[in-house]
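When we follow my numbering, the leftmost residue of the sequence shown carries the number 1, and every step to the right adds one.
One or more of the hints may lead you astray.
Below are the PhoX-like pairs computed for lysine-lysine, each with C-alpha atoms no more than 25 Å apart in a straight line [said to hold, decoys possible]:
no.: 1; residue 1: K85; residue 2: K122
no.: 2; residue 1: K22; residue 2: K122
no.: 3; residue 1: K93; residue 2: K136
no.: 4; residue 1: K187; residue 2: K171
no.: 5; residue 1: K93; residue 2: K122
no.: 6; residue 1: K90; residue 2: K129
no.: 7; residue 1: K136; residue 2: K187
no.: 8; residue 1: K139; residue 2: K129
no.: 9; residue 1: K129; residue 2: K94
no.: 10; residue 1: K22; residue 2: K50
no.: 11; residue 1: K18; residue 2: K54
no.: 12; residue 1: K93; residue 2: K129
no.: 13; residue 1: K136; residue 2: K122
no.: 14; residue 1: K85; residue 2: K139
The set of hints was computed from the structure by calculation and includes no laboratory data. The model shown is predicted, which means the values in this text are computed figures rather than measured ones.
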Amino acid sequence: MVERITYQNAENGYSVLKCRAKGYADLVAVVGTMPEVYVGSVLTLGGNWKVDAKYGRQFSVETFEETLPATAYGMEKYLGSGMIKGVGPKFAKKIVNTFGERTLEVIEHEPDLLIDVPGIGKLRVERIKESWAQQKEIKNIMLFLQSHDVSTAHATKIYRTYGDQSIDVVKENPYRLADDIWGIGFKTADTIAEKMGFGQERYARLRSGVMYTLNKLSELWHC
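All chains should be built: construct the whole structure from the sequences, respecting the hints.
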């Protein structure tokens, strides 16, 4: 579970975290591209250990999957982290004190019950509902992209570019990525398309392949 966020780049999602991990008495330093991760997030990580000359032993993340906290303690830290508009540590504590380990279930399925929490009015309830839905959509997009072997770094770039249209864009024409996003070229887009079962004879692939070849020839010509 994420106990502290030392650094997080809002643009590319690169994060430096301190996490509580099974089998480790001390907090573990975790680094890598992990967008939309908050204090209280429960993460399943894939990657490798490395030793940084300045910061020491760190776990370098290649893949990650987030699950919601299951304990009242974790839920309070998660909600109080700032991920939900209108909820800080003070209101997070009040919400968890009211609903206990049912807190996230209530927010997900019966958010109007939040009005029973002391100090939370109708406007704040609506903000919480809207913010929770937005966070859920972001996580669904990241899960969809990663399930098609899109790296976390590339998935972050795709989401930053297309927002809630990300899944529709990738499904319709994954080769748009090569045109629209710096760092995702034809080869990467082609790999993503193949994972999604995109036909090799599709016009979008042929067009993108021709543009890639012309660009390579242009580079050779200028050398």
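These are the hints, each one checked on the structure:
A hinted pair counts as satisfied when its Cα atoms are at most 25 Å apart, and K85 with K122 qualifies at roughly 14 Å. Taking the CA atoms of K22 and K122, the gap is near 40 Å; set against the 25 Å cutoff, the hint is violated. Only pairs whose Cα atoms come within 25 Å are accepted, and K93 paired with K136 is accepted, the gap being roughly 21 Å. The hinted pair formed by K187 and K171 meets the criterion: a straight-line CA distance of about 17 Å does not exceed 25 Å.
Only pairs whose Cα atoms come within 25 Å are accepted, and K93 paired with K122 is accepted, the gap being roughly 18 Å. A C-alpha spacing of about 18 Å is found between K90 and K129, which places the hinted pair at or below 25 Å, so the restraint holds. Simply put, K136 and K187 have alpha-carbon atoms about 30 Å apart, too far for the 25 Å limit, and the pair is violated. In summary, the hint linking K139 to K129 is supported, as the alpha carbons are separated by about 16 Å, within the 25 Å threshold.
Taken as a hint, the K129 and K94 pair is honoured in the structure, with Cα atoms around 17 Å apart against an allowance of 25 Å. For a cut-off of 25 Å, the pair hint linking K22 to K50 stands: about 19 Å separates their Cα positions. In summary, the hint linking K18 to K54 is supported, as the alpha carbons are separated by about 16 Å, within the 25 Å threshold. The suggested pairing of K93 with K129 holds, with an alpha-carbon distance near 18 Å, which does not exceed 25 Å.
For the hint linking K136 to K122, the alpha-carbon distance of about 21 Å falls within 25 Å, and the restraint holds. Only pairs whose Cα atoms come within 25 Å are accepted, and K85 paired with K139 is accepted, the gap being roughly 17 Å.
The structure does not agree with the numbered hints 2, 7 stated previously, though it agrees with the rest.
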